[in-house]
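K.L.:
Sequence:
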Amino acid sequence: MTWGLFLAWLANDTEEWFTIPSWSRANAAANTSPVGPVWLRQEVSPAHTRVAISLMGLLFLAASASGARTSGRSRLFQATLLGFGVHGVGHLALSAAHRGYTPGVATSPTVVIPFSLWAWRELGRAGVRRNDARTWLFSAALTVGALAGVHRAAHALTGGSPGA
1 MTWGLFLAWL
11 ANDTEEWFTI
21 PSWSRANAAA
31 NTSPVGPVWL
41 RQEVSPAHTR
51 VAISLMGLLF
61 LAASASGART
71 SGRSRLFQAT
81 LLGFGVHGVG
91 HLALSAAHRG
101 YTPGVATSPT
111 VVIPFSLWAW
121 RELGRAGVRR
131 NDARTWLFSA
141 ALTVGALAGV
151 HRAAHALTGG
161 SPGA
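Heads up: the sequence shown begins at 1 in full-length UniProt numbering, then just goes up one per residue.
Just so you know, these hints were derived from the structure itself, not from any lab.
Glycine is no exception: its CB is placed at the ideal position from the N, C-alpha and C atoms.
A few of these clues could be false.
Unchecked claim - Simulated restraints on C-beta separations:
(1) R99 / L58: 30 to 40 Å
(2) R134 / A29: 21 to 31 Å
(3) A68 / T14: 33 to 43 Å
(4) A47 / D132: 36 to 46 Å
(5) V86 / A62: 18 to 28 Å
(6) S22 / E122: 35 to 45 Å
Put together the whole structure using the sequences plus the hints.
P.N.:
What follows is the structure, encoded as structure tokens:
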């Protein structure tokens with residue numbers, strides 16, 4: 001189950017890898033809303049997309065390895081799993097607000113959310129689920145910090161704006 005997190009992430013981010021640059025190019029100019037992620041408001045380059053996704057992959061790889069090493073007990077693994085599931089719901093909400101397809105939404109109801117619910121349930125069945133405020137808060141901080149961090153790093157490594 002722990003390596004399943006990495007595989008589920010890989011499915012979702014493969015969709016994003018191939019859709020964010022072209023989708024953002026086609027939709028960013030028409031969207032003047034200040035709400036939602038940057039790719040709803042401006043073009044995101046293929047380089048920025050690929051660097052950010054690759055860096056996020058390192059986190060998911062580390063979290064999955066930590067989960068495997070601890071039989072799912074790792075707080076990092078469980079917080080990452082929790083954040084991943086919530087992010088899937090965020091994809092659905094974002095597409096509803098956008099009133100159409102947004103990158104990542106196709107794999108959210110088919111992979112991200114079902115896997116996350118199944119794995120969370122399995123952790124409970126195994127008696128190792130950390131369903132406490134500390135894990136939920138760590139998950140929220142990790143999700144926000146990881147998203148900000150990978151995009152800042154991608155910005156720095158690709159020489160500027162997401163559309164550069």
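K.L.:
Would you mind marking each hint as holding or not holding in the structure?
P.N.:
The hints, checked one at a time:
| no. | hint | in the structure |
| --- | --- | --- |
| 1 | R99 / L58: 30 to 40 Å | holds, 34 Å |
| 2 | R134 / A29: 21 to 31 Å | violated, 43 Å |
| 3 | A68 / T14: 33 to 43 Å | violated, 22 Å |
| 4 | A47 / D132: 36 to 46 Å | holds, 40 Å |
| 5 | V86 / A62: 18 to 28 Å | holds, 19 Å |
| 6 | S22 / E122: 35 to 45 Å | holds, 36 Å |
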